[in-house]
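Protein chains: 4
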Amino acid sequence: MTDTSQQFASDNYSGICPEAWEAMAQANQGHQRAYGDDEWTARAADHFRHLFDTDCDVFFAFNGTAANSLALSALCQSYHSVICSETAHVETDECGAPEFFSNGSKLLTAHTEQGKLTPASIREIALKRKDIHYPKPRVVTLTQATEVGTVYRPEEIQAISQTCDELGLNLHMDGARFSNACAFLGCSPAELTWKAGVDVLCFGGTKNGMAVGEAILFFNRDLAEDFDYRCKQAGQLASKMRYLSAPWVGLLQNDAWMRYATHANRCAQLLADLVKDVPGVSLMFPVEANGVFLQMSEPALAALTARGWRFYTFIGAGGARFMCSWDTEEARVRELAAAIREVMAG
Amino acid sequence: MTDTSQQFASDNYSGICPEAWEAMAQANQGHQRAYGDDEWTARAADHFRHLFDTDCDVFFAFNGTAANSLALSALCQSYHSVICSETAHVETDECGAPEFFSNGSKLLTAHTEQGKLTPASIREIALKRKDIHYPKPRVVTLTQATEVGTVYRPEEIQAISQTCDELGLNLHMDGARFSNACAFLGCSPAELTWKAGVDVLCFGGTKNGMAVGEAILFFNRDLAEDFDYRCKQAGQLASKMRYLSAPWVGLLQNDAWMRYATHANRCAQLLADLVKDVPGVSLMFPVEANGVFLQMSEPALAALTARGWRFYTFIGAGGARFMCSWDTEEARVRELAAAIREVMAG
Amino acid sequence: MTDTSQQFASDNYSGICPEAWEAMAQANQGHQRAYGDDEWTARAADHFRHLFDTDCDVFFAFNGTAANSLALSALCQSYHSVICSETAHVETDECGAPEFFSNGSKLLTAHTEQGKLTPASIREIALKRKDIHYPKPRVVTLTQATEVGTVYRPEEIQAISQTCDELGLNLHMDGARFSNACAFLGCSPAELTWKAGVDVLCFGGTKNGMAVGEAILFFNRDLAEDFDYRCKQAGQLASKMRYLSAPWVGLLQNDAWMRYATHANRCAQLLADLVKDVPGVSLMFPVEANGVFLQMSEPALAALTARGWRFYTFIGAGGARFMCSWDTEEARVRELAAAIREVMAG
Amino acid sequence: MTDTSQQFASDNYSGICPEAWEAMAQANQGHQRAYGDDEWTARAADHFRHLFDTDCDVFFAFNGTAANSLALSALCQSYHSVICSETAHVETDECGAPEFFSNGSKLLTAHTEQGKLTPASIREIALKRKDIHYPKPRVVTLTQATEVGTVYRPEEIQAISQTCDELGLNLHMDGARFSNACAFLGCSPAELTWKAGVDVLCFGGTKNGMAVGEAILFFNRDLAEDFDYRCKQAGQLASKMRYLSAPWVGLLQNDAWMRYATHANRCAQLLADLVKDVPGVSLMFPVEANGVFLQMSEPALAALTARGWRFYTFIGAGGARFMCSWDTEEARVRELAAAIREVMAG
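Residue numbers (the numbering used here), protein chains in the order written: chain R, 1 to 346; chain W, 1001 to 1346; chain Y, 2001 to 2346; chain S, 3001 to 3346.
The set of hints was computed from the structure by calculation and includes no laboratory data.
Be aware that a few hints might be false.
Only pairs whose alpha carbons sit at most 25 Å apart, straight line, appear in this in silico SDA-like list of lysine to any residue [stated by the list, open to error]:
#1 W:Lys1130 with S:Ala3009
#2 S:Lys3130 with W:Pro1154
#3 Y:Lys2130 with R:Cys187
#4 S:Lys3130 with W:Lys1276
#5 W:Lys1276 with W:Thr1313
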């Protein structure tokens, strides 16, 4: 069932974009060396180095669960802890994957402002305990864009990075929607990562037009020592790697990644604009990426569902999340907005 | 580089077969629910249940490393051990993945005959130690077809299964090349698995025309309890699951899986036939699946390499492995055979 | 330094009680079989079975960190979760040990009333999420007596156990101060454990007069399958086991465990009685076991410290914990009370 | 049962020696700070630094299983491997503990000469595979004295250490019977460890007169970073640490450790001397520490057992291990020797 009313449920309900598909088709010619020793993987890695304007180490994992968990486990030991936001995906939606991959590293949740960690909230958690009976903080993980659709500015990341330096913490970025953050800010990928002090970025492709294959970029290359072995042991080394890397070539080579992210963001903005004056509807967070979070009454949400619209509800009663993706149709955004207006009027 | 001389290096150097590709293309329409809650995944699971003629539990993992390691970790605890052959892929080529996923289960290697475990070799290892200072044997894992290209007969599997029952061991089958075994024996998949006492099969697709997406089939469904959580936590739950499952629909629905395996086996047989009378060349193992293992002199192997042919050498001096795959060209087999004849004559 | 002013800092600052010491001395005769195959270990296990009036499985671990972590890991898999109180020792003071031993099981903290979980608070956490992206709740762990010095009544445990049954959860009890709970309630150990539905108890000896050697009692013996292997693999099988088990014989055989717990409780009660009318001092929790938690001003606490008294502060500003142990001297309790009265007057 | 005929079964069947007992008795005065922050632990650590003539980092664990496993896990990551001898205790008798603590590091067994690794055997294993599909060798572990009662000379350790340096491997020593090696060689502890290139030593006390409490000495102090957290998380931090450390003070302060090891060695030598001319009995290994390994016929061993003597048999048919300990009585050695002579004559 390819129900268009599901278009706003999640950005991972979408398919593969034409550029990624075409690259896969090209890659699907004849035999290629396995395990990343192929030309497509080399090309994709080079595209990343060019895009980020630095000689980073590049790896590929099958999905975001693994990419983030492997990266975090490379940044700390089992008796260390990872500071994340209360709403961080690694904390709320990974079924304990970071703890599994790291063999027990504890996640410590810090308060956020509009879904974003701050130097103060990090400091509070990092300094709360200094004794051996509590896992020693060693990593901070940010999600860019955040799980509530907000975006860290370069100076916010820099401030956090500075705090990390003071406290001896590594800085990891979960970039499942990194493209959307770049599109919103108009910043270069470098400005949002290594130039701001990020050690490792997990750059998500799945939510922006790929099937599988998140990229893990180590700007701090010391931390990447033997990371290829880590990937292999953890079941994240693809034999036919070209099918993970070629789509990245497709996405990166002509800026498709940016066009799609911009499109998704614009759709989200459109939706927000269209409903902002609807009585009884309020935006829960500023719309900075591709998600719109609306506070609406339970009956209104039920009515929307009854009309066939699909979306996730979360953060207490009355909230609904609408996600736009690379292939969201503007006409459907307008239909959804109209439906919201109608159920609120009803 | 799509060098045809690499065709015999590994069966995972090959690409995606047309049937799998076409199914992915069809699956790539519009939005679909994520995490396996889509129609393609349901269809693929049903195809497996039909093919195996039983109501088994079906899961998908990204690759064989993970599929086998997750299955094994579901069959034992960390203080248990897994009996495998000395040449088992899980022992020799997974960088400790089974130990990682299980948090420490030890692999105990047993002697083999032509790459195959026997009831006697299993019994020897299982009964060697009965004290608490040695991890308690809990699982036997077979590879079908084996790493040296031989195939377990149904009665061999039954005999092993009986031994497992006597000793309280679960029986796992690594079926990276299960298709090739079926093709060789002309047996039904059921006869080679649950009817012979296999608890869990990891059915490989990657080496038979897919990009990613090994299937894990639990015939003993009690052992599958909460296995979906295990996959998720271990980074093996694809969000866009349809791209792992649809190719299986393509492979299974018109017996493409069997045609391709038969083709690969036939190419291997052809190669063996063409070189068997070449002086100085000898077959190391009977050719029952898609691999040919030749004993040749080091200079001959070097000469072959110098002509551009690619292959792996293993098991002491002089051996070379040539793998055929779903797309191996018969003409190339003949060229390779001719080249072998020439270098041996040279 | 054997500073008596440290007497109230922790109940693990105390030494070995005479009965435990004497039993160790007796055990220290000649050679004995290792790894628990000795007569003292058999005797200790029998004492437990007699004391609890049931044929439970008994194991010994070196400390509470390991005893609780091993027990929890036997009750769930890595992708399951453990419901505990916000103040549970396993959550706040074990440096991620439960996560380490279980290879990633997440602890989910529930609200408490006076340090105690309730059926409602457990239900809230257990039912919050039912999807695969969140670790499935599988265990509830209670601390008896709690970390804030309160004690679960048998009917409270029964109610929790009933909730566990409804929700498919195993029930574990961290009994680091189980003796103190028994002493306070005048209940039999059986009433507070298996008769109330507890599956596994970790019975602490260290805080009641032993050096090392917590006991793990499985009332639900199915859950103890191969637990001896688990202990061995995790570094918790003592070769000279008699030195862990003999002290238990000493503690249990003439009810020394109960006398000491009663003494410690009485000292705590005395302290509470002596300071309850001091202006500016208030009890934070009812004194039911061997701990007294006082709300006092920061300057008062500082003054107390300046006089050489040692104690831990926790739960926000102003709180101080004073622990009594098997060897606390009543005269010292009175001195401490007088000192508190003085600093508050000062 | 304190059966003297068990005296030769294992050196961990023995009790606590007077010096260790007396130190425990002294330590058992009043209250002491917990978790190693006490005076006895400080004193013990200083004794080690003095004995080894270097400023090493000293930790204590409850037993050898944990001490060695924790040390190894500090020297490598889960995707690394540990090279050990075929007969290494960590490989054969720890129920997968090293794999558990390290979350999957594989042990690779190398050939030995009289139970000892050599530069050549290490090199063979370390260089066998250099690809990502095999866990990367990162540590060598030696047992000193070995499991078959032989002893590495300083120059042998130096040669191994040199090989380790060349290959990028850390060097760990399992010193469960380190005392016996020192006694045999007449070398200083320093000569056998850091001066010969050992990074970490696990110095065993249990087999030489203690109850619990193996010491872990990091000569390469960089490798000890946050090792205290590792011990805590893994359930190896004793709250009443003084009972682990005080016995070491007792053993070390007047060279009791050396006297006892010398005694045990001498008893073993005596046994070997007394039976060496018995027809049908042959020494399997040179007697260099406190164990004697005799090749005898099965019926002779059975006859010995029938007379009540206890010992372990291993390494194929006909072998028996007799261990001497700190409290072995010379008279009993003579009785055993006479019994052996009799059963062989019988």
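Going down the list of hints, with the structure as the test:
1. W:Lys1130 with S:Ala3009: The hint holds at about 18 Å.
2. S:Lys3130 with W:Pro1154: violated (37 Å)
3. Y:Lys2130 with R:Cys187: Not OK: Y:Lys2130 and R:Cys187 at ~39 Å, beyond 25 Å, violated.
4. S:Lys3130 with W:Lys1276: violated (33 Å)
5. W:Lys1276 with W:Thr1313: holds (19 Å)
The structure shown violates the earlier hints numbered 2, 3 and 4.
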